[in-house]
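> Just so you know, the sequences run in chain order A and B. Quick note, in the working numbering, the first sequence goes up one by one and the last residue is 769. Quick note, in the working numbering, the second sequence goes up one by one and the last residue is 436.
One or more hints might be untrue.
[Stated by the list, open to error] Simulated pairs of lysine to aspartate or glutamate, DMTMM-like, Cα-Cα distance not exceeding 25 Å:
#: 1; chain 1: B; residue 1: K295; chain 2: A; residue 2: E398
#: 2; chain 1: A; residue 1: K212; chain 2: B; residue 2: D205
#: 3; chain 1: B; residue 1: K136; chain 2: A; residue 2: E150
#: 4; chain 1: A; residue 1: K105; chain 2: A; residue 2: E150
#: 5; chain 1: A; residue 1: K208; chain 2: B; residue 2: E122
#: 6; chain 1: A; residue 1: K431; chain 2: A; residue 2: E409
#: 7; chain 1: A; residue 1: K362; chain 2: A; residue 2: E240
#: 8; chain 1: B; residue 1: K237; chain 2: B; residue 2: E122
#: 9; chain 1: B; residue 1: K149; chain 2: B; residue 2: E213
#: 10; chain 1: B; residue 1: K186; chain 2: A; residue 2: E150
#: 11; chain 1: B; residue 1: K316; chain 2: A; residue 2: E399
#: 12; chain 1: B; residue 1: K136; chain 2: A; residue 2: D130
#: 13; chain 1: B; residue 1: K295; chain 2: B; residue 2: D205
#: 14; chain 1: A; residue 1: K65; chain 2: A; residue 2: E485
#: 15; chain 1: B; residue 1: K293; chain 2: A; residue 2: D394
#: 16; chain 1: B; residue 1: K398; chain 2: B; residue 2: E409
#: 17; chain 1: B; residue 1: K237; chain 2: A; residue 2: E449
#: 18; chain 1: B; residue 1: K183; chain 2: A; residue 2: E192
#: 19; chain 1: B; residue 1: K266; chain 2: B; residue 2: E385
#: 20; chain 1: A; residue 1: K431; chain 2: B; residue 2: E122
#: 21; chain 1: B; residue 1: K332; chain 2: A; residue 2: E150
#: 22; chain 1: B; residue 1: K136; chain 2: B; residue 2: E242
#: 23; chain 1: B; residue 1: K316; chain 2: A; residue 2: D394
#: 24; chain 1: A; residue 1: K187; chain 2: B; residue 2: E122
#: 25; chain 1: A; residue 1: K431; chain 2: B; residue 2: D205
#: 26; chain 1: B; residue 1: K183; chain 2: A; residue 2: D127
#: 27; chain 1: A; residue 1: K104; chain 2: A; residue 2: E119
#: 28; chain 1: A; residue 1: K58; chain 2: B; residue 2: D164
#: 29; chain 1: B; residue 1: K237; chain 2: A; residue 2: E432
#: 30; chain 1: B; residue 1: K137; chain 2: A; residue 2: D394
#: 31; chain 1: A; residue 1: K58; chain 2: B; residue 2: D159
#: 32; chain 1: A; residue 1: K187; chain 2: B; residue 2: E213
#: 33; chain 1: B; residue 1: K313; chain 2: A; residue 2: E409
#: 34; chain 1: B; residue 1: K171; chain 2: A; residue 2: E192
[Said to hold, decoys possible] Listed next, with one range per pair, are the computed distances between beta-carbon atoms:
#: 35; chain 1: B; residue 1: G321; chain 2: A; residue 2: D146; range: 21 to 31 Å
#: 36; chain 1: A; residue 1: I386; chain 2: B; residue 2: V141; range: 52 to 62 Å
#: 37; chain 1: B; residue 1: S336; chain 2: A; residue 2: D130; range: 22 to 32 Å
For the record, the hints were derived by calculation from the structure and aren't laboratory data. Being a predicted model, the structure only gives us computed values, none of them experimental. Built from N, CA and C at the ideal position, the CB exists for glycine as well.
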Amino acid sequence: MNRTQCEIILKEKFGFEKFYDEQWQTIDMLFQGKRVLLIEKTGFGKSLCFQFPATQFKGITIIFSPLIALMRDQVNALNKKGISAKFINSEQSPEQNLQVMQDAIDGKIKILYIAPERQNNDKWIEATQNMQISMVVIDEAHTISVWGHDFRPAFRRIINLVKLLPNELPVLATTATATKRVQKDIEKQISGDVITIRGNLLRDNFHLFVIETKSEDEKFLWLAENIKSIPGTGLLYSGTRVNTETYSKWFDFNNINSTYYHAGLDGEKRKEIENGLMNNKWKCIISTNALGMGIDKPNIRFIIHTQIPQSPIHYYQEIGRAGRDGKPTYIILFYNSKEDKKGIAEDYKLPKSFIEGGRPSIKKYNQTIDALKEEPLNITGLMRETNLLRTPIRVIIADLIEQEIIKEVKFGGSKNYEYQFNAPELDAKKFDELRKFKLDDLNSMIDYIYTKEPRMKFLCEYLGDEFNNKKENCDNTTYKKRHVNPKNETIEKLKMFRNQNYPILDVAPKTSKKINKDMRIAIKKINLTKYEIYKNNFLLTEINSIEDYESNKNLQIIPKLSLEELIEKHLQNKSNIIDGIASSYYGVSNVGASLHSCKYENGGDFPKFLLDKTIKAFKKQFANLHFDLLVYVPSTISGDLVKNFAIQISSKLKIPISHKLIKTHKTEPQKIFNNSLLKRENVSDVFEYAEREEIMNKNILLIDDIFDSGATIKEIGKLFTDLGAQLIAPLVIAKTVGGDIKSGK
Amino acid sequence: MENEQKEFAYWMALSHLKKMRTVRKNEIIVKIHDANTNITDFFNSDIIDWKTKYSLQENEIELLKNVKNEISSYSFLVENLLNQGYDIIPINSSEYPITMKENLKMKYSPPLIYVKGNKQILKETSIAIVGSRNATNISLEFTNNIAKKASEDYKVVVSGFAKGVDRQGLDSAIKFKGQSIIVLPQGITTFNSRKYHKQIINGDVLVLSTFHPKAPWSVQFAMARNPIIYGLAKDIFVAESSNKGGTWSGVKDGLRKGRKIFVRAPEDSEKNANNILIQKGAIPVDMDGNEIQDYSKKVNTKYQIPENIQQHLFEPSE
Chain A
25 MNRTQCEIIL KEKFGFEKFY DEQWQTIDML FQGKRVLLIE KTGFGKSLCF
75 QFPATQFKGI TIIFSPLIAL MRDQVNALNK KGISAKFINS EQSPEQNLQV
125 MQDAIDGKIK ILYIAPERQN NDKWIEATQN MQISMVVIDE AHTISVWGHD
175 FRPAFRRIIN LVKLLPNELP VLATTATATK RVQKDIEKQI SGDVITIRGN
225 LLRDNFHLFV IETKSEDEKF LWLAENIKSI PGTGLLYSGT RVNTETYSKW
275 FDFNNINSTY YHAGLDGEKR KEIENGLMNN KWKCIISTNA LGMGIDKPNI
325 RFIIHTQIPQ SPIHYYQEIG RAGRDGKPTY IILFYNSKED KKGIAEDYKL
375 PKSFIEGGRP SIKKYNQTID ALKEEPLNIT GLMRETNLLR TPIRVIIADL
425 IEQEIIKEVK FGGSKNYEYQ FNAPELDAKK FDELRKFKLD DLNSMIDYIY
475 TKEPRMKFLC EYLGDEFNNK KENCDNTTYK KRHVNPKNET IEKLKMFRNQ
525 NYPILDVAPK TSKKINKDMR IAIKKINLTK YEIYKNNFLL TEINSIEDYE
575 SNKNLQIIPK LSLEELIEKH LQNKSNIIDG IASSYYGVSN VGASLHSCKY
625 ENGGDFPKFL LDKTIKAFKK QFANLHFDLL VYVPSTISGD LVKNFAIQIS
675 SKLKIPISHK LIKTHKTEPQ KIFNNSLLKR ENVSDVFEYA EREEIMNKNI
725 LLIDDIFDSG ATIKEIGKLF TDLGAQLIAP LVIAKTVGGD IKSGK
Chain B
119 MENEQKEFAY WMALSHLKKM RTVRKNEIIV KIHDANTNIT DFFNSDIIDW
169 KTKYSLQENE IELLKNVKNE ISSYSFLVEN LLNQGYDIIP INSSEYPITM
219 KENLKMKYSP PLIYVKGNKQ ILKETSIAIV GSRNATNISL EFTNNIAKKA
269 SEDYKVVVSG FAKGVDRQGL DSAIKFKGQS IIVLPQGITT FNSRKYHKQI
319 INGDVLVLST FHPKAPWSVQ FAMARNPIIY GLAKDIFVAE SSNKGGTWSG
369 VKDGLRKGRK IFVRAPEDSE KNANNILIQK GAIPVDMDGN EIQDYSKKVN
419 TKYQIPENIQ QHLFEPSE
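Please model the entire structure based on the sequences and the hints provided.
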């Protein structure tokens, strides 16, 4: 077909008059069975370059995409146009995914979106054996390059797949962010004769600002005073999960309509927020950089970063989600340049520590290798054998697979990591090389802060773009520089806010992730033979047995095999504990320091200010509750500190105290265990409370000093639930953030 | 390397093509080799070439045309296999076991094999010890002796991984620090190799299958595996055979093809068909696998064929 013929179909099917030249060039190549790498900015219309030919090919087009939100959006849009498109991902139940595979086999689907991780799924591989595959597309192709800004190990497999595909099969790789180096890497990786089409990456509707601050508070102050005056709705990216919550609370405090979003929220909640974003429900969503990627919203009017990203390419990618409609869009970056004693700027520390500490120590690599030499293990098995956290194990596994030292092998449906015959030695030099590369990238980000050039020019050139444009659209050219000049009342307000912001202890039982995803049904055993099935907290039905459950058509959503296991899990989770509260985070104030000195340096009883703070936290969270009894967690090593503290709380709040919660055997201090699995096992079944009637139908306040994984608190919650407690509410002095109790030692 | 791997999908397509016999597939492969081209080009040849250069029949062309559409699908499977550490060895590869080609010839050599572990093992001198699933202790002892000797002589023990003699051969080879090949009666991905993890990573065990990698165990595959065991072994030792079943038909098949097969000389009290196999041309050996020179005389005078076996002798041969 020639261009004119295709444009007639384009009008009919997609409602566009014409292709851009680069779009047509790409499509034409794909029609010839070529391999194309397409680098174009967000909003260019890259998806049309595969969607259009996909509708013309005889069989199915498979699109590997890392972004679930994008899959959903694009599939909806295609279906509206009458083009049969579907996706396979973890948002759908296994049954739904299987149905999609069957539809693909039956030739009912033209375009199929799938996450690269699925390449590991036997059912998927089985299904591909019966599909007629016409084209393969790699979306966000920069993720296949280790030099790209967020390399995903699963994409390594997609490269391998592409290498194995017959030469005649058209393959398209697309990205909006590829430096020359990444481009070369992708070209090399997808091999064959790749044709690269690169557009210009300039976004001239952006108004780019950098605001230098001398403290974290200054960011809070500027935002409170200025965010309302930025037109439209937008996103605020802040580095950590805790931060998203804190900023959101601060905005609430200032009557700025906002919410927070991070990967820790459950799928339902995330979807709700994504929808709210589309409908401009909030002035601002505070998020980790998980939100916005792949979301097809044309009018995100501003993107503010409270922390610098790891590189200009990360930054370009993240701000790229804004202003697709071409209208003026505010892009603001905060940088806290206050230096510490060593002369390192505050905001340089976090990304630097990510890079430096991004990889576990070589010792941990060797520990993992040794364990796998003994036998093939899954992640849980590795956690048990190595006493490492899940996250470093994941990093190590990805690296070991990359270096072909181990492989991921399926035995009877379960995933195992297997050390390989003839495996090479671990090459740690590769890590150094990558670390150095990333550090250079981070330093370029600092260059962006201090550059005197037009900021867009800086970014485009960094990406390898020729920059011939005279457009000046930043605070180095056309616009006035912004500074932080807060009013006294705002400063006072922030002080007030800081005094009231208490961390929540997230311990109330939630349905397990699996159930959340698949069906959001909670299963609760009400006596020996009876189960109650809940959906979104509404009682759906009662059943007497697993057989009943299986025969109930409305409920038959879980694969049968895992049913018993799932019910067991839920029974284990059954607890009347509610979310608790802490007076402070461990690491962020003098709280951690004084706790540490009391606990580990014989500093005496906890000081009075901790008592006052904890009482305040109690009043904020539990003011409306009546408590019958106060119980404290018996200590492992710190003597009577918690006991004495609990006595003081008891007398202040006038809640009777009990000393009867005891440990039946000695446990190890929780902090020596690195992962929650081992922590849970350490405290499992170690507590006892002799007087059942003291607990029966009572509301219990549970006191401890430090809340880390929550395993101890949850275990006691379960014990009291079994003893008939009506409610258990935890109150602690400090909550740790990501293991800072270790570094505190 | 990369180009070789790119051909795997084509190899799988040809190798697992139904309604075409192995010998035909191998004839095509020979023609590809003689034409100094490769399997990719073969698949991408036009129909005229298929007819003239490769002398394909109409029905064969139909088959190939259909399977050509599945190449991309096979690529997905190839990636899945390589990613899990399985190796794919086509018959034209230098890694393909020469012993098998010599033993099974064009007619029976599988065009493609799937392996996991130390491929070097395929190049070593090898023996197979075959026998009943319900072997007697004396047969197991014989198996142990042969496996021990083989291991000491740096010979590889080929095992069908069945109960009885097969498993004994494997276990003994492992015990005596020898090397072995496990020949699977199923697709290679359906086998849980966890138990042999250490031997595999130390390079002492290779797992091998000739069937579709996702195919589950079946009786048919268990039978079809026997010739592969014979094909992979230079020498074959029979510990114990009844007058029917896998070992029996395997040995007869081997003898017919002119293979040298060593059968354990049974004690007088034993009820098995070892002596019948010896009469049919197998070589009698003692408990240590040494050839017994004047055995035929002994049999003629001392051995009485049990009745139920006797009648088999008079059945027309296949």
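> Each of the hints needs a verdict: does it hold here or not?
Each hint tested on the structure:
| no. | hint | result |
| --- | --- | --- |
| 1 | B/K295 x A/E398 | holds (18 Å) |
| 2 | A/K212 x B/D205 | holds (24 Å) |
| 3 | B/K136 x A/E150 | holds (18 Å) |
| 4 | A/K105 x A/E150 | violated (30 Å) |
| 5 | A/K208 x B/E122 | holds (24 Å) |
| 6 | A/K431 x A/E409 | holds (18 Å) |
| 7 | A/K362 x A/E240 | holds (9 Å) |
| 8 | B/K237 x B/E122 | holds (16 Å) |
| 9 | B/K149 x B/E213 | holds (20 Å) |
| 10 | B/K186 x A/E150 | holds (18 Å) |
| 11 | B/K316 x A/E399 | holds (7 Å) |
| 12 | B/K136 x A/D130 | holds (22 Å) |
| 13 | B/K295 x B/D205 | holds (24 Å) |
| 14 | A/K65 x A/E485 | holds (14 Å) |
| 15 | B/K293 x A/D394 | holds (23 Å) |
| 16 | B/K398 x B/E409 | holds (16 Å) |
| 17 | B/K237 x A/E449 | holds (19 Å) |
| 18 | B/K183 x A/E192 | holds (15 Å) |
| 19 | B/K266 x B/E385 | holds (22 Å) |
| 20 | A/K431 x B/E122 | holds (21 Å) |
| 21 | B/K332 x A/E150 | holds (9 Å) |
| 22 | B/K136 x B/E242 | violated (32 Å) |
| 23 | B/K316 x A/D394 | holds (12 Å) |
| 24 | A/K187 x B/E122 | holds (11 Å) |
| 25 | A/K431 x B/D205 | holds (13 Å) |
| 26 | B/K183 x A/D127 | holds (24 Å) |
| 27 | A/K104 x A/E119 | holds (24 Å) |
| 28 | A/K58 x B/D164 | holds (20 Å) |
| 29 | B/K237 x A/E432 | holds (20 Å) |
| 30 | B/K137 x A/D394 | violated (48 Å) |
| 31 | A/K58 x B/D159 | holds (17 Å) |
| 32 | A/K187 x B/E213 | holds (22 Å) |
| 33 | B/K313 x A/E409 | holds (18 Å) |
| 34 | B/K171 x A/E192 | holds (22 Å) |
| 35 | B/G321 x A/D146: 21 to 31 Å | holds (28 Å) |
| 36 | A/I386 x B/V141: 52 to 62 Å | holds (54 Å) |
| 37 | B/S336 x A/D130: 22 to 32 Å | holds (27 Å) |
Of the numbered hints stated above, those contradicted by the structure are hints 4, 22 and 30, listed in ascending order.
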